[in-house]
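Work out the full structure: start from the sequences and follow the hints.
Per our numbering, the very first residue in the sequence shown carries number -11; after that it's consecutive.
It is possible that part of the hints are untrue.
As the list claims (entries may be wrong) - Listed below are the simulated BS3-like cross-link pairs for lysine-lysine, each with C-alpha atoms no more than 25 Å apart in a straight line:
#, residue 1, residue 2
1, Lys722, Lys475
2, Lys102, Lys128
3, Lys102, Lys227
4, Lys665, Lys722
5, Lys665, Lys475
6, Lys311, Lys142
7, Lys160, Lys475
8, Lys775, Lys615
9, Lys227, Lys142
10, Lys160, Lys23
11, Lys515, Lys550
12, Lys102, Lys142
13, Lys98, Lys475
14, Lys160, Lys98
15, Lys651, Lys550
16, Lys23, Lys7
17, Lys23, Lys(-9)
18, Lys128, Lys142
19, Lys160, Lys142
20, Lys98, Lys7
21, Lys665, Lys615
22, Lys(-9), Lys7
23, Lys515, Lys538
24, Lys311, Lys128
25, Lys538, Lys550
Hints in this document: simulated from the structure, not taken from any laboratory.
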Amino acid sequence: MNKACYHCGEDVPENTNFKVTILDEERDMCCPGCKTVAETIIESGLVSYYQFRTTTADKVELVPEQLKALIHYDNSDVQAEFVRNVDEHAEVTLSLEGVSCAACAWLIEKQLVKQPGVIAIRVNTTTNRALLSWDNSSVKLSDILSRIHNLGYKAAPFEADKHEALYHQSMKQYLYRLGIAGLATMQVMMLAVALYLEAFGDLDSEFKNYFRWVSLLFATPVLLYSAFPFYVNAWRSIKGRTLGMDVPVSIALIFAYVASLFATVTQQGEVFFESISMFTFFLLVGRFLEMRARRKAAAASGNLLKLIPAIATRIDGTQTPVKTLQVGEKIRVLPGEHIPADGAVISNRIHVDESMLTGESLPVVKNVGDAVYAGTLNGDESFELEVTATKADSVISNIVRLQDDAQSSKPKIAEMADVVARYFVAIILVIALGTWLFWHSSRPDDAFWIMLSVLVATCPCALSLATPTAITCATSRLGGYGILLRKNHVFETLCNVNHLVLDKTGTLTHGNIEIRDVAIHSQLWTKEQCLSIAAQLEQYANHPIARAFKPYLKNLTVSGVKNIIGSGIEGIYEEHRVRIGNANYVLNSNDDLKDHNAVYMAIDSVHVATFYYQDPIRAEAKSFIDKFHEAGIRITLLTGDSQINAQSVANELGVDQVVAQAKPEDKLNYLRSLDDKDITLMVGDGINDAPTLAGAHLSVAMGGGTDVAKASADMVLLGDKLDRLLDARELALKTRSIIRQNLAWSLGYNVVILPLAVAGFVAPYIAVVGMSASSIIVVSNSLRLLKDKNN
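Quick look at the structure:
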């Protein structure tokens, strides 16, 4: 007789061995599907599903809905919409529900990193998002999400619309809880006037007790429903063996209610029903306002994704969801529409508004072959494009991901604040106990409410919010400047920079180099031949000068191409060895006079042509240099160009020092040779700048530069406007100031309120108002960073 599958009840086929241990017994399964579902149910902590079910799961619908949704995230087609492959591991941005403070973030991070296959997870409490990296071959995404669910939080891949819907749902629930607490508070306070202020002097003890029972009736739904989020957060913290902000809050509420209930039943002692109701009401008001403020800080990057339309139009006129577009597909974009995907223009000359990426309001001209980006706004002409990246790999998705990464990576000061906050809760619990013991021996009637005030007034929420809210707001503000953050230390380091190191071509100059003249030194080769051969070789280089030869490209064949970064390029054309580059590389000459705005070409070691080029200096470069000088920052021009070219630019702009004809290793060695007191900011755009960008204390890659340079930099200047770096430095200084203000306020508040509360000078309702106000002040102060500097 065949065995029955424990999960679905069907017969187990012969010669199979699918087993799962459920309720301490090994159970037979009929197929890998049932085995996988059963294992996930057990790992998700839902074993009670089997314990209390009334029938076998002969239909898929009997699997818990929560679990089914998680299993779907393991599907490769589903993952293609939101999972990115980075450095041989998978990465995804998650939306989190239930995260309320730094302790929640710490708990999730601490528990998740223990799971095999999880490389890293960073939680941002301001945006309620997490950046997760994991090895897809070692652990399933559904297993990781199940682990988060087991901790008491909900997690799903981030989608702007769903995240916003979740926010509105949470706010609606808070309003319901807030409404009940507010109504109950009004009623209980009226009764408290009669009880404690003796508004009715001849009130009999029976009526007083009656008022207590009525107060109990109003306070109970407040405790059980309105204050429920505090208990959930407290339980998560205790379960994770940590102390969150809501632990003392929950203890205060429960103790006050139990003591009041005992006093009401026994008709002895004081009741605190008005404190419970008012305490919960003010706390909810504070959390509600805090959530709204944090939402405003988090909205900027999420709103970027909303610019990507949901539907795209194919060339044949049919429509398709944007999330299903694949590389190589061709679509049409109509006038005035947001571009649905990253791609290359394959028809028409168009104007595109890229202000949401670069911060520049003027439209950009795009010709056939030029790149356009999802979310940017098409002008007055329809055009066709070929998709070059999926939605998950689009520039705008990467910007949001990098912003989340920068915001969730905690600076040292934030990590210290989180540690202090966790220990602070434990210290407060001990102080509260000591306060109760002290006052119980001298004023037993007042001991409880004094302890209650200590527990409530000193909640370190503001301390944990001080840094992350400021960093989140500042990062969003930088996005408005057209600056993309890639590393978390930018704000700290930018404030301390005292040495600015600049590349020349493509940084201080436009990099839109043109060939202005050609000198031919051989009768064997014509000007047109030399330009064509040079263009054929230079297409293998990725330097601004190389792009100047693009208009002369013809269908020639070269082989054996070698790119000598910082010197030039060589190859074989019709059995002739061709070299093109600087004088030292091509002519073996160190004569700087030969190298003035020129590129040389030799064929079979014979100098045949000199190409003279021009590259205008950026209009804002002079004021940019002057402003950094005014801030007391030394400036060095570090370039691979000739001494004459570099010195000419330096003299015009007023640069302090010039280091010319520097190869990539020379540039890096220069940085290493600097004094330890020099905090360097390096700005560059080429492949030859990549090692220097990686080696500087802080680095900026120009948006028009190479991908290698951008990957090595701490920031990317999307709009190529140097003066935006001045705005970034001003913002960094303001961010540092606001973080210090936040920390000073939160620490100062606790230093002042704690002794007053212990001494019995702070009533419970005053404690609630003070604690809530401290958090709101910190968040509101951080929100000032979102305002334009001219406002």
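Which numbered hints turn out to be false for this structure? 7, 10, 14 and 20
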